[in-house]
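The task is simple: from the sequences and hints, build the whole structure.
Residue numbers (my numbering), protein chains in the order written: chain A, 1 to 411; chain B, 1 to 227; chain C, 1 to 408.
Among the hints, a few may not be true.
Listed below are several chain C residues computed to face chain A (Cβ distance under 8 Å; list not exhaustive) [said to hold, decoys possible]:
| id | residue |
| --- | --- |
| 1 | 25 |
| 2 | 71 |
| 3 | 72 |
| 4 | 106 |
| 5 | 109 |
| 6 | 175 |
| 7 | 256 |
| 8 | 274 |
| 9 | 275 |
| 10 | 358 |
Label pairs and their in silico Cβ distance ranges [claimed, not checked]:
| id | chain 1 | residue 1 | chain 2 | residue 2 | range |
| --- | --- | --- | --- | --- | --- |
| 11 | C | 67 | A | 353 | 17 to 25 Å |
| 12 | A | 144 | C | 64 | 34 to 42 Å |
| 13 | A | 343 | C | 263 | 20 to 28 Å |
| 14 | A | 9 | B | 65 | 44 to 52 Å |
| 15 | A | 87 | C | 174 | 51 to 59 Å |
| 16 | A | 107 | C | 167 | 20 to 28 Å |
| 17 | C | 215 | A | 213 | 47 to 55 Å |
| 18 | A | 353 | C | 231 | 21 to 29 Å |
Here are the simulated DSBU-like pairs of lysine-lysine, each with C-alpha atoms no more than 35 Å apart in a straight line [stated by the list, open to error]:
| id | chain 1 | residue 1 | chain 2 | residue 2 |
| --- | --- | --- | --- | --- |
| 19 | A | 252 | A | 151 |
| 20 | C | 161 | A | 252 |
| 21 | A | 314 | C | 16 |
| 22 | A | 227 | C | 153 |
| 23 | C | 403 | A | 15 |
| 24 | A | 150 | C | 153 |
| 25 | C | 403 | A | 5 |
| 26 | C | 16 | A | 5 |
| 27 | A | 52 | C | 153 |
| 28 | C | 310 | B | 121 |
| 29 | C | 2 | C | 395 |
| 30 | A | 151 | C | 125 |
| 31 | C | 108 | C | 129 |
| 32 | C | 153 | C | 258 |
| 33 | C | 252 | A | 163 |
| 34 | A | 227 | A | 52 |
| 35 | C | 181 | C | 161 |
| 36 | C | 2 | B | 76 |
| 37 | C | 310 | C | 403 |
| 38 | C | 73 | C | 93 |
| 39 | A | 62 | A | 151 |
| 40 | C | 73 | C | 108 |
Keep in mind that the hints were calculated from the coordinates and are not lab data. Note that the Cβ used here is the ideal one computed from N, Cα and C, for glycine as well.
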Amino acid sequence: MFIAKLAWRNIWRNKRRSLIVILSIVVGVSASLLNDSYGVGIMNQMVDNLIKSHDSNVQIHKSGFRDNKKVNDVIPNSNRIKSILGKLNDIKGYSERVICFGLISSAANSSGVSIVGIKPELEKNVTDIYKKIIAGRYLSNGRNEIVISKKVAEKLEVEIGDKLVAVASDVNGNVSSQMFRVIGIYRSGISEYDNINIYIPLADAQEMLNLGDNIHEIAVSIEDYRKSSELKDKILTEFNKNDIVKDIYEVKTFQEIMPMMIAFLDVYHQMSYVIYLIIGIAVLFGVVNTMLMTVMERINEFGVIMSIGIRRGKLLRMIMYESLFMGLLGTIIGFIVGLLIYYPMSVNGVDMSQFSESMASFGLPNQIYPELNMNVVINTLLIIPLVTVIAGIFPAIKATRLQPSEAVRFV
Amino acid sequence: MEILRVENLTKEYSSNGVSVRALFDINLKFEQGEFTVIAGPSGSGKTTLLNIIGTLDKPSFGKVYFLGEELSKKSKSELSDLRLNKIGFIFQAYNLIPVLTNLENIEFPLMLLGMSAKDRKERAMRIMEELNIAELANKRPNSVSGGQQQRVAVARAIVHSPILVLADEPTANLDSKSASSLLDLMEKMNAEKNITFIFSSHDNNVIDRAKRLILLRDGIVIQDENK
Amino acid sequence: MKLLLIMAWRGLWRNKRRTIITISAVAFATFLTLISKAMNDGTYLTNIKYAVDSYTGYIQINQKGYIDNPTLKKSFFPTEDIKSVIKSTPYLKSFTRRVVGDGLIAHKSNTFGVMILGIDPDYEKTVSKIGDKIKDGNFVNNYNKNDIVVGAKLLEKLEAKLGDSIVVLVSCYDGSMGDMKLRIGGIIKSGQAETDAGIVFMHIETAQDLFALDGRISSIVISLNDFDKISIAKEYLVRNAGNELEVSDWTKIMPELKQTMDMDSVNSLIFLGILIVIVGFGILNTILMSVTERFREFGVILALGARNIKIIWVVIFETIGISIIGLLLGLVLGALLNYYVYFNPIPITGIMAEMYSDLGFIPAIYTTVSFDIYTYTISYILIICFLAMVYPVYKISRLEPLKGIRFT
Chain A
1 MFIAKLAWRN
11 IWRNKRRSLI
21 VILSIVVGVS
31 ASLLNDSYGV
41 GIMNQMVDNL
51 IKSHDSNVQI
61 HKSGFRDNKK
71 VNDVIPNSNR
81 IKSILGKLND
91 IKGYSERVIC
101 FGLISSAANS
111 SGVSIVGIKP
121 ELEKNVTDIY
131 KKIIAGRYLS
141 NGRNEIVISK
151 KVAEKLEVEI
161 GDKLVAVASD
171 VNGNVSSQMF
181 RVIGIYRSGI
191 SEYDNINIYI
201 PLADAQEMLN
211 LGDNIHEIAV
221 SIEDYRKSSE
231 LKDKILTEFN
241 KNDIVKDIYE
251 VKTFQEIMPM
261 MIAFLDVYHQ
271 MSYVIYLIIG
281 IAVLFGVVNT
291 MLMTVMERIN
301 EFGVIMSIGI
311 RRGKLLRMIM
321 YESLFMGLLG
331 TIIGFIVGLL
341 IYYPMSVNGV
351 DMSQFSESMA
361 SFGLPNQIYP
371 ELNMNVVINT
381 LLIIPLVTVI
391 AGIFPAIKAT
401 RLQPSEAVRF
411 V
Chain B
1 MEILRVENLT
11 KEYSSNGVSV
21 RALFDINLKF
31 EQGEFTVIAG
41 PSGSGKTTLL
51 NIIGTLDKPS
61 FGKVYFLGEE
71 LSKKSKSELS
81 DLRLNKIGFI
91 FQAYNLIPVL
101 TNLENIEFPL
111 MLLGMSAKDR
121 KERAMRIMEE
131 LNIAELANKR
141 PNSVSGGQQQ
151 RVAVARAIVH
161 SPILVLADEP
171 TANLDSKSAS
181 SLLDLMEKMN
191 AEKNITFIFS
201 SHDNNVIDRA
211 KRLILLRDGI
221 VIQDENK
Chain C
1 MKLLLIMAWR
11 GLWRNKRRTI
21 ITISAVAFAT
31 FLTLISKAMN
41 DGTYLTNIKY
51 AVDSYTGYIQ
61 INQKGYIDNP
71 TLKKSFFPTE
81 DIKSVIKSTP
91 YLKSFTRRVV
101 GDGLIAHKSN
111 TFGVMILGID
121 PDYEKTVSKI
131 GDKIKDGNFV
141 NNYNKNDIVV
151 GAKLLEKLEA
161 KLGDSIVVLV
171 SCYDGSMGDM
181 KLRIGGIIKS
191 GQAETDAGIV
201 FMHIETAQDL
211 FALDGRISSI
221 VISLNDFDKI
231 SIAKEYLVRN
241 AGNELEVSDW
251 TKIMPELKQT
261 MDMDSVNSLI
271 FLGILIVIVG
281 FGILNTILMS
291 VTERFREFGV
301 ILALGARNIK
311 IIWVVIFETI
321 GISIIGLLLG
331 LVLGALLNYY
341 VYFNPIPITG
351 IMAEMYSDLG
361 FIPAIYTTVS
371 FDIYTYTISY
381 ILIICFLAMV
391 YPVYKISRLE
401 PLKGIRFT
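Next comes the structure, spelled out in structure tokens:
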């Protein structure tokens, strides 16, 4: 303990020098904090956005539907599936959907779209498109209503109240068309969806495609997206319990539905460690250099106390404490500074609207909210002090190598 | 010819909140060609007096005249030029620049004066020969002995032909043989080139050699004798 | 002056270890800055050129407003005027016409939405590389104008094979519905999901018929000889193309790409900035310490009558010395790596590779050896080194002989 006290005081022998080192650590730590929390924010928002805009946490289809969305591949016995889901109590909700490709045309133009037939009340539990309506309203239970994205609306040059014709191929291979009125326009901010998803009432879709009561997709949602795999397992277990032949169905988590995104996020996550490494090395240089200098200046002093009889190990520890304390001090202050900058950003978000096209193509909104999680906190608080300890090793060893008499004579 | 005069010189400074009077009401005159020692126990104010005479410090009260000019109104640059042109210094330790060779150290004031490289070298070498230290020319200061270092310091102090050389305890770190030898050297310069030497010292060997002895105690002149 | 330089140079080597560590820190920051900028710029540039060479073309000419809202309504007649303007464009390599529209493709009971691309087989190959990815059958040609080329994935989804007939259903220029029966004459496999599942190719005349365009086209796609001269060519076209047409380069056609590139640059700038600041602190401390430990020496020099500026010069030279050595070291190492990767791009593997190809990017990291990266790096690093000097120089300017001599 005495050694630690001595180490602490030694740091302040040359205030300016120590402050400069600590300042460099403060910069490094706060930068790491902000960078990491920004990254976490991006990852979470990306996933959240994609899930909430359309994909949801788990999707159930007839086996093979995901890859080849054929209009005939309806979910067999969908009522049974629905009742099983009804019994699960930790889901937020599920939604029934009919999905097919079609062409919608206005007087001005036509566009290839993915026609999604939904039950608006159920859909609200699963996606938040209803919150992203920017003109008109969401689907109600009326017939022949259609909600399209702003992009599509612009392309077709239509507004609320205009009429559109949807054309698609039904289960028998016949071309079927139906007229709809635009009652709502949405904007999800995700290019992938804004370019092609349009929504009509489930009943209309079923009628248009001659599906009867059948649906193509059941989308299930839960609160915490991280529990999606658990949910999938639960569903499969229930299938087992109810003697449902698993091969007929496919139950996919959002990770399986968008493997690319997940891979991208993984890589992004790894990158953040590289950032820590680089910042760590930069700090390392400064700390090693400084520690070497302070140690070399005190060689005489070390010689004297070694003559008195201090053990080498104690001296070594003292020097490493000096380095560690500067690291800890810098880390704590850096963390606080980082937090102070983080809070307003996490509340107001970081405005990226300058890059809105790019953001949309990644599935990100224009405002990014950095997020702190335990991982970030631990990384930030642990890595730099570790670096300073490592930095202290070489100078400490240098100092303790000398014989006392040599050290005293050192000029 | 009078080169230096101090009138009613008083120097006070505060150290840790306590006011200390280093010099009190000193009145002295110095002529060209003197070989004078300011002696006294430690804390008597010798170094302070020397610093003020050498324009490194300013008095709290009183006046300093160098070559008839009063110094208090002069700017830092003017004093700096004055030192460069007219004064040479020899300190107790840390005189020489460690990264330069002895020869280069001696060339230094000449460089500041704007002398060409060729002329500088020539002049510095000449001085080194005069002082019998020519063989030390290309060595670094910390590879020669203390006595030799001080000889180099003397060379540097006089290479630019100053009127006055101030030496603060120049023999303090030397053994008696080197000290004696250094004094011989300075006496020689004093005699041959008519350079005024003012030392501070409490070394008896130095005091014995002085032509004029000024004794200080507690900041006051208690004796001023020509021998 | 020269003596001061000598003092500065020797002063650096008084404490070898300290100087070497500081130089290494500068070299590290330089190296990192150089290669990250080189890789960033290089990879983006390569990919942009790839996209531009493979598909989008260097410059496109369209009806005004088309790029923002690509509809059949905004198709136009390619007049002789515009053609001659294009022919006299500097750095022109070639140009071609295209028709673009949406439609449904159906086979048996499988219907899918597709983008229909009508191309001119004689000229398209001089402008893009779409035809290269043909896997089976023939690409669009003048012999079988009623053939259609589909992607491998689409073929699978349609449950069709080479030679089968399919029906294409579209909404025409005048708003009416149009359809056509076409034979699958070729299969394309580009590796990009979007292309292989969502785009079909046919002869431009067939497309014009299908969409009832009456000779109109959607765009003229232009290829140049030199990527770096795009702005010159574009300017020429803008001046001469008239008021009804708009001229766009890749930044307009693929804005997400441009923005992603910009965003990446900003990120790098910030990160490198932080890095350099941290290293800057290290340099500051080094200089400060080497200065304060020489205060006695400096005090003596001042006592001799030197002006403070002389000592300041010595410190400036020392700082420049450390900065330049570190800079050169970092630049050389960085340049070596850059050149190596320039000739041997680093391939990306695994899922990332799939993702890249899927988006139309080449799965590899490239660098560039253009001059820019060096000026960028050098200025960034030098600025910090000079800033680090400010405080120590300030301290020296205030130094007085006695203060220095008495310094403990």
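Measure nothing beyond the straight line between the CA atoms of residue 227 of chain A and residue 153 of chain C; if it is 35 Å or shorter, mark the hint as holding. With Cα atoms ~32 Å apart, residue 227 of chain A and residue 153 of chain C stay inside 35 Å; holds.
Starting from the hint 44 to 52 Å, judge whether the C-beta atoms of residue 9 of chain A and residue 65 of chain B obey it. holds (49 Å)
Chain A contact restraint for residue 72 of chain C - C-beta distance below 8 Å: Holds. Min distance 6 Å.
Take a quick look at whether residue 310 of chain C and residue 403 of chain C sit within 35 Å of each other, Cα to Cα. At roughly 17 Å apart (the allowed maximum being 35 Å), residue 403 of chain C and residue 310 of chain C satisfy the hint.
Given the hint that residue 151 of chain A pairs with residue 125 of chain C, does the C-alpha gap stay at or below 35 Å? With Cα atoms ~32 Å apart, residue 151 of chain A and residue 125 of chain C stay inside 35 Å; holds.
Starting from the hint 20 to 28 Å, judge whether the C-beta atoms of residue 343 of chain A and residue 263 of chain C obey it. holds (24 Å)
Can residue 274 of chain C be said to touch chain A, with a Cβ gap under 8 Å? Constraint on residue 274 of chain C satisfied, holds at 4 Å.
Hint consistency between residue 52 of chain A and residue 153 of chain C [alpha-carbon to alpha-carbon, up to 35 Å]: holds (28 Å)
Holds or violated: is there a CB of chain A closer than 8 Å to the CB of residue 106 of chain C? holds (5 Å)
Satisfaction of hint between residue 5 of chain A and residue 16 of chain C, Cα-Cα up to 35 Å: Within the cut-off at roughly 32 Å; holds.
Determine whether the Cβ-Cβ distance between residue 144 of chain A and residue 64 of chain C falls within the hinted range of 34 to 42 Å. holds (35 Å)
Within 35 Å, alpha carbon to alpha carbon, are residue 108 of chain C and residue 129 of chain C? holds (31 Å)
Comparing the model with each earlier hint shows no violations; every hint is respected.
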